[in-house]
Amino acid sequence: MHRLTLAEIARGLAAKTFSSEELTGALLARIRQLDPQLNSFITVTDEQALAAARDADARRAAGETGALLGAPIGHKDLFCTDGVLTTCASKILHNFKAPYDATVVAKLKAAGTVTLGKLNMDEFAMGSANESSHYGAVKNPWDLERVPGGSSGGSAAAVAARLLPAATGTDTGGSIRQPAALTNLTGIKPTYGRVSRWGMIAYASSLDQGGPLARTAEDCALLLGAMAGFDPKDSTSVDQPVDDYLAALDKPLAGLRIGLPKEYFGAGLDARIADAVMAVVDALKALGATVRDVSLPNLQHAIPAYYVIAPAEASSNLSRFDGVRFGYRCEDPKDLTDLYKRSRAEGFGEEVKRRIMVGTYALSAGYYDAYYLKAQKIRRLIKNDFVAAFDAVDVILGPTTPNPAWKLGEKGGDPVSAYLEDIYTITANLAGIPGLSMPAGFVDGLPVGVQLLAPYFQEGRLLNVAHQYQQVSDWHTRTPAGF
9 MHRLTLAEIA
19 RGLAAKTFSS
29 EELTGALLAR
39 IRQLDPQLNS
49 FITVTDEQAL
59 AAARDADARR
69 AAGETGALLG
79 APIGHKDLFC
89 TDGVLTTCAS
99 KILHNFKAPY
109 DATVVAKLKA
119 AGTVTLGKLN
129 MDEFAMGSAN
139 ESSHYGAVKN
149 PWDLERVPGG
159 SSGGSAAAVA
169 ARLLPAATGT
179 DTGGSIRQPA
189 ALTNLTGIKP
199 TYGRVSRWGM
209 IAYASSLDQG
219 GPLARTAEDC
229 ALLLGAMAGF
239 DPKDSTSVDQ
249 PVDDYLAALD
259 KPLAGLRIGL
269 PKEYFGAGLD
279 ARIADAVMAV
289 VDALKALGAT
299 VRDVSLPNLQ
309 HAIPAYYVIA
319 PAEASSNLSR
329 FDGVRFGYRC
339 EDPKDLTDLY
349 KRSRAEGFGE
359 EVKRRIMVGT
369 YALSAGYYDA
379 YYLKAQKIRR
389 LIKNDFVAAF
399 DAVDVILGPT
409 TPNPAWKLGE
419 KGGDPVSAYL
429 EDIYTITANL
439 AGIPGLSMPA
449 GFVDGLPVGV
459 QLLAPYFQEG
469 RLLNVAHQYQ
479 QVSDWHTRTP
489 AGF
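Quick note, the sequence shown lines up with residues 9 to 491 if you use the numbering used here.
By construction, these hints were calculated from the structure, which means they are not laboratory data.
Note that the structure is predicted; figures quoted are calculated from it, not measured.
There are no misleading hints in this set.
DSBU-like cross-link-like pairs, simulated, lysine-lysine; straight-line CA separation at most 35 Å:
1. 419 <-> 349
2. 105 <-> 361
3. 115 <-> 99
4. 270 <-> 293
5. 24 <-> 259
6. 270 <-> 385
7. 391 <-> 419
8. 385 <-> 419
9. 382 <-> 270
10. 349 <-> 382
11. 259 <-> 270
12. 415 <-> 391
13. 115 <-> 259
14. 293 <-> 391
15. 361 <-> 115
16. 342 <-> 361
Each pair of labels, with its calculated beta carbon distance range:
17. 428 <-> 63: 42 to 48 Å
18. 382 <-> 291: 37 to 43 Å
19. 298 <-> 479: 15 to 21 Å
20. 369 <-> 296: 47 to 53 Å
21. 341 <-> 385: 39 to 45 Å
22. 24 <-> 332: 50 to 56 Å
23. 424 <-> 280: 19 to 25 Å
24. 270 <-> 293: 16 to 22 Å
25. 73 <-> 349: 54 to 60 Å
26. 349 <-> 287: 52 to 58 Å
27. 480 <-> 300: 19 to 25 Å
28. 353 <-> 107: 25 to 31 Å
29. 424 <-> 241: 33 to 39 Å
Idealized CB from N, CA, C, for every residue including glycine.
Full structure from sequences and hints, please.
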């Protein structure tokens, strides 16, 4: 049963081929057996999962027919989950049990999903390798000596290893798409405001967006349909009807205009990944798409702009973790100032401290105009690049990452080199547009992905293109050895 996709599970539950309780029990046993190799879970909720599965079976027996009713999933450990540890993979929240469900969790719970647990991640979603977690690095199931990508690396590793069929993630600068590419999954970052951020512990509020990680575009469509929608509790949520993503999957690609940005294919891109991207282009052309060159001239400024804006927002968002109200508190503080200083110094990891310091510096008097304001102006230029490109094409296609997964610890002494792995994904967050990564082949036995970008609220188009490609390719069906 662990090899079934989310869509296949939905059909099996509907046909009563197996029960949710049987499936949940099998996956929990698999997690106990295999996750010690991966470290993809922070918390496994055995009892709650089995109770939810039994409830889902009872609801089906009473006549309910929801596609996700009884389907097992996991949540990245920054979605607040009522009564369950929600740690953001940080020591400073090691003992925090959320008193409510995030909107995403509540929506998926209402759809009948069964939560198997909370998944490991980079601390406060800050990282590209899932090595900054207080609970230890997550291993890539394709090579246990390599990273799975970050920050949603626990979600990606668990789905890739068939410990569960799908999981939630968040994407601030590529943190769904990059781990999807490095573990042979499909992952989509929706348009900013499409999925509620209420109850999703913030890293950078103007960039963060929740989305699904799964093996196929069809599975992502199923999950995103339940996650998306207006939320009055989130002031950045957009009040716009949610498309029928499943209905869009089978639309033919005849006439689809694909743009290839010339800036994506310069120095820094592994030539073998470039070849994989062009093979996908050829397959889409055979399905009726047309291809033309486009330009995103401000791509070169994306990483500097991002690493001013995101840390600036992080320095503000993380000021609430002070040792007073919840979470970690230092031992025997001398006074309130000592409590603040030592609780934060002992509770935050190195990468989080680094970004708080950068962000505080960028927002400080005398530097705001020179750094933060200039970065926001660059952000607007990047958005304008996409608006101009989408006048000529329907989707933009390119590599998701410049390289396949690197070895654990390889970039630990040089954080900037890890930041550069996000070069192709960051722009979608700065502009707020949707992006999707799908499996596109292998380099030295390691998966690589192709990224698709579309205009605002065109998630259905991305899922359609990915689904049509997955009907003529089999990369997404490959399973890592031993799993």
